[in-house]
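2 protein chains.
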Amino acid sequence: MSDPVREVLVDCPAWVGEVVDWGRDYSRDEDRMALAIRLAGHNVDRGTGGPFGAAIFERSGRLVSVGVNSVVRLANCTLHAEMVAFMLAQRRVGSFTLAAPGFDEHELFTSCEPCAMCLGATLWSGVVRVVYAAGGADARELGFDEGPVFAESHAYLRERGIALEGGLLREEARKVLARYRDLAGPVYNRRPEV
Amino acid sequence: MSDPVREVLVDCPAWVGEVVDWGRDYSRDEDRMALAIRLAGHNVDRGTGGPFGAAIFERSGRLVSVGVNSVVRLANCTLHAEMVAFMLAQRRVGSFTLAAPGFDEHELFTSCEPCAMCLGATLWSGVVRVVYAAGGADARELGFDEGPVFAESHAYLRERGIALEGGLLREEARKVLARYRDLAGPVYNRRPEV
Numbered sequence: 001m002s003d004p005v006r007e008v009l010v011d012c013p014a015w016v017g018e019v020v021d022w023g024r025d026y027s028r029d030e031d032r033m034a035l036a037i038r039l040a041g042h043n044v045d046r047g048t049g050g051p052f053g054a055a056i057f058e059r060s061g062r063l064v065s066v067g068v069n070s071v072v073r074l075a076n077c078t079l080h081a082e083m084v085a086f087m088l089a090q091r092r093v094g095s096f097t098l099a100a101p102g103f104d105e106h107e108l109f110t111s112c113e114p115c116a117m118c119l120g121a122t123l124w125s126g127v128v129r130v131v132y133a134a135g136g137a138d139a140r141e142l143g144f145d146e147g148p149v150f151a152e153s154h155a156y157l158r159e160r161g162i163a164l165e166g167g168l169l170r171e172e173a174r175k176v177l178a179r180y181r182d183l184a185g186p187v188y189n190r191r192p193e194v
Numbered sequence: 001m002s003d004p005v006r007e008v009l010v011d012c013p014a015w016v017g018e019v020v021d022w023g024r025d026y027s028r029d030e031d032r033m034a035l036a037i038r039l040a041g042h043n044v045d046r047g048t049g050g051p052f053g054a055a056i057f058e059r060s061g062r063l064v065s066v067g068v069n070s071v072v073r074l075a076n077c078t079l080h081a082e083m084v085a086f087m088l089a090q091r092r093v094g095s096f097t098l099a100a101p102g103f104d105e106h107e108l109f110t111s112c113e114p115c116a117m118c119l120g121a122t123l124w125s126g127v128v129r130v131v132y133a134a135g136g137a138d139a140r141e142l143g144f145d146e147g148p149v150f151a152e153s154h155a156y157l158r159e160r161g162i163a164l165e166g167g168l169l170r171e172e173a174r175k176v177l178a179r180y181r182d183l184a185g186p187v188y189n190r191r192p193e194v
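So the protein lines, in turn, are chains A and B.
Just so you know, we're using this note's numbering here: the first sequence kicks off at 1 and counts up by one.
Just so you know, we're using this note's numbering here: the second sequence kicks off at 1 and counts up by one.
No wet-lab data here; the hints were simulated from the structure.
There could be a bad hint or two in this list.
[What the hints assert, rightly or not] Pairwise CB distance ranges, derived in the manner of DEER restraints:
no. : chain 1 : residue 1 : chain 2 : residue 2 : range
1   : A       : Glu159    : B       : Arg158    : 37 to 45 Å
2   : B       : Glu30     : A       : Arg28     : 38 to 46 Å
3   : B       : Met1      : A       : Ala137    : 35 to 43 Å
4   : A       : Ser2      : B       : Glu152    : 53 to 61 Å
5   : B       : Glu141    : A       : Arg46     : 44 to 52 Å
6   : A       : Gly102    : B       : Ser60     : 46 to 54 Å
Backbone N, C-alpha and C define an ideal beta-carbon position, used for all residues, glycine too.
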């Protein structure tokens, strides 16, 4: 076996720099979600990962970070789009929580309902609102597992002040999922028959 | 606000290189857990993070990776000890799953029961066995939240072939938690009153 590893670099594909307009105003929910879905689409078309994209915004409409699924590209099971977006946002603001005193409220927009891991991270991240396009069932249609997510899981977050809303631009997100399926993109961690 | 961030480096504190014997045989469960707890203890004593440590082993007894809680040190809510260990292990073996064909089976040993995020990541990681020392209730005693983890969550992993066992060297792990509490270490993402 190779030598022990002491560090890992997490990044976005280089094309992200070309397709994201950081200075734009993202006051509208639809514009926020369109960005998340556009990132998912580019990730498929450019062959850099799974059909999932995410972005974090200040409530004011400022874009803080983006993420795309990087599991296969970086050989790292934790790098779902939401996780990458959390990491880059917290690095940018210099805090392990986006709910630090003096910060504007932060919101996560993601092209697909968060899996169990990402839902847990959402709680730790400090975002106060999560909006997703496609649902967990849409991802499962492709063979992706969502892990142990129950109605009680969403309730747990809601009780702690995090709003969760699904279905915005769902059909657009489903088109990206369908494109990935048509291209026979790898379904890492495929949902097993249980 | 500062410029957008495109990458994040995830690493272990430098002292990890001094205290881990990578060549040692870790055939015994107790030795594996003692390492996870020792890492947690060093993390507290050296002031590099929360009172949690983890390590991943091949079933044969070979140590693959270690992780310590790095949430505050790296300003990153996702960097629980288990997550760092998953990332470093997958980087080392060059695969997003530790269950790739030809690999020995991998096992996660962690000083405390995995939170919701880490439990989700466990499912994606490819480990087939998780052993933890302290329980979620022990962490909650300090004010740490574990997130939406239910009996059904553990059952979900078990149904997919992952063994989960708690309580090994629990008192040793609880001593580290108590030391952290006595030092008034920061309880990031403190469990709110609900």
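To test your reading of the hints: which numbers does this structure violate? Going through the list in order, the structure violates hints 1, 2, 4 and respects the others.
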